[in-house]
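Please work from the sequences and hints to get the whole structure.
Protein chains: 2
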Amino acid sequence: MTYERENIQRMAGYQPGEQPDDDRVLKLNTNENPWPPSPAAMAALQQIAEDALRRYPSPTAAAVRHQAARLHGVSTDQIVTTNGGDELLRLAMTTFVPPGAPIGIAEPSYSLYPVLAAIHDSPIEAAELDAQWSLPDDFAERMNAAGVPLTLIVNPHAPSGHLLPAARISQLAAALDGVLLVDEAYVDFAPADHDVVGLIARHDNLLVLRTLSKGYGLAGLRLGYGIGAPGLIAPIAEKTRDSYSVDAVADAVGAAALADQDHARSTWQAVCDARGRLTRALEARGFTVPESATNFCLATRPPDSPLSAAAIKDGLKARGILIRHFDTPRLADKIRISVGTPEQNDRLITALDEILAAAADQPAG
Amino acid sequence: MTYERENIQRMAGYQPGEQPDDDRVLKLNTNENPWPPSPAAMAALQQIAEDALRRYPSPTAAAVRHQAARLHGVSTDQIVTTNGGDELLRLAMTTFVPPGAPIGIAEPSYSLYPVLAAIHDSPIEAAELDAQWSLPDDFAERMNAAGVPLTLIVNPHAPSGHLLPAARISQLAAALDGVLLVDEAYVDFAPADHDVVGLIARHDNLLVLRTLSKGYGLAGLRLGYGIGAPGLIAPIAEKTRDSYSVDAVADAVGAAALADQDHARSTWQAVCDARGRLTRALEARGFTVPESATNFCLATRPPDSPLSAAAIKDGLKARGILIRHFDTPRLADKIRISVGTPEQNDRLITALDEILAAAADQPAG
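Residue numbers (our numbering), protein chains in the order written: chain G, 2 to 366; chain R, 2 to 366.
No wet-lab data here; the hints were simulated from the structure. Some hints could be false.
As the list claims (entries may be wrong) - Okay, derived cross-link-like pairs now, DMTMM-like style, lysine to aspartate or glutamate, Cα gap no bigger than 25 Å in a straight line:
#1 Lys318/R - Asp52/G
#2 Lys318/R - Glu284/R
#3 Lys318/G - Asp52/R
Have a look at this one:
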């Protein structure tokens, strides 16, 4: 017999991007930073003492909480540390959404959102993005009409890379009856003058998610944090968050990484430069690539190519290069490519040229 | 205004034991192993490469999962890795308990259980332990009558240290209608012939919790795992567990620690030896100390002492030694002392002698 709850029986789990063991495989499928973390972070790792592992860690991950507060110019009671950004998504549901109440999202977006909602036993209230990957004007009204206590927006958007301006986020927070979680997993690759953290003083329902997985090259460490008004942060930090959810290593290494802004910013700039070159190279081959404020590009296959987007992905995989393809109506003709180093992007483009040329040589079928 | 769910508003958060920054403070309050982790684990930490941090970790923490399966003689689909044992407690509720359905526990036990149930919005169905800290004979019948889908038993028991034999666990699993989670956080300090893992083949509702926090001296790393029938493990491992909840460092360091059984066992033996000496020293001073199969002792204050248990705890704290006191009816006259190294235990006993002598010199008040 099964002991699972009914909603768990019905649902399917999240499918993470492929993580191959083979070091020769070029991974442009899970939006990692192609550049390594800060040397200061690696030094902090080397300095972890036996006693730091033997003892329970700081229950609040105090070192990271302090550094994050300093970085954003807020107080520590406006920060909650989490085991990756994903833990904050779950905690926002646990804290603000009675099971059964709907969770608001835009479609398409991060495929984990509906999975977490299914675990929570909440339906999804989804609004389709417009052709420019922007929210419909009546988004907040629709969420309010559905009685949504929590809306999740990824900005810059995944998988398109589109950036909503801070003014639109402010408008949304003001218009929504419930909590607005802005998932800024990719914000480090957006223009530097984009800033929504300043809005938390004005909107007591605005929760900003940050992660060190992308911008700081620390996906393996599992560290994220939330920024919001103290009244929004307190129930998460003091009640629903798992005790000791951030370990002692993440606390020490993460704090060192946050403190080394020079290193982080240099990788963000390098990613943005490489993204521009990759975009132009894809466009030169007939792909359509909307402007991206992230470390990935969503490329629509050339309209005159005999190859489907799925076939391009498979062709690249056969050449040892992983990218992502989502087999959903709006995304079926597109591929998502994480921006690599210039050398990695060159390898991708070379392989792509081979695949496109081979297809052009085939008689039309 | 508040955006919290009603059940979250009503509840209070978990209170972890004090974690002082001052290295001179002797921490005998949170049941850490007084001996350091395996040198092999420290070596694995030193060998973490930049790329292991830069990339997402193994979604299943495959290295730990493999080692744990090997250690217990089960297959990897009978193991789920978690961010500390605490994550498994939460996941068991998420996976097996519809919010609102009761969660079964014995009282007293680990103070996190009712907190997790409150977050889950489930009532607690509690049965009082008998005078020997054992379960009442009709425990399973009472849980079944209340319609409990998940029962949590900590064995060896906290905070008494009492061990239920495997035969009683088997009887319970057979009798319970729902899932039985046996929290074996302290089992490494129990007699070596005690084994309930062998029971999972017979009971498809038996979920065994293990942690590396105590036995392996790795509380700072946050690593635990569950052992159970594949049908019990699969929905947790593939659906409700947070994606990547165990980081790359914990996967590598934890696997190395599990592989070094010789080191771990030597610390378990040392703890058991020190526990015997500590028990006798406490008994010589008039404390009553039940036999403990854990790395702590629950000591009832001498009946003729003018000092309350709380006053003893405060007196020790004033001397830089932290122990735990629970101000609840059954535990108010007791102190819980984590077993330290022989030197640490000597320091505790010396301080205790000072406190008891000073109190004896005071006129009765």
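Evaluation of the provided hints:
About 21 Å separates the Cα atoms of Lys318/R and Asp52/G, which keeps this hinted pair within 25 Å; it holds. Taking the CA atoms of Lys318/R and Glu284/R, the gap is near 21 Å; set against the 25 Å cutoff, the hint holds. Distance check on the hinted pair: Lys318/G and Asp52/R sit about 21 Å apart at the alpha-carbon level, within 25 Å; holds.
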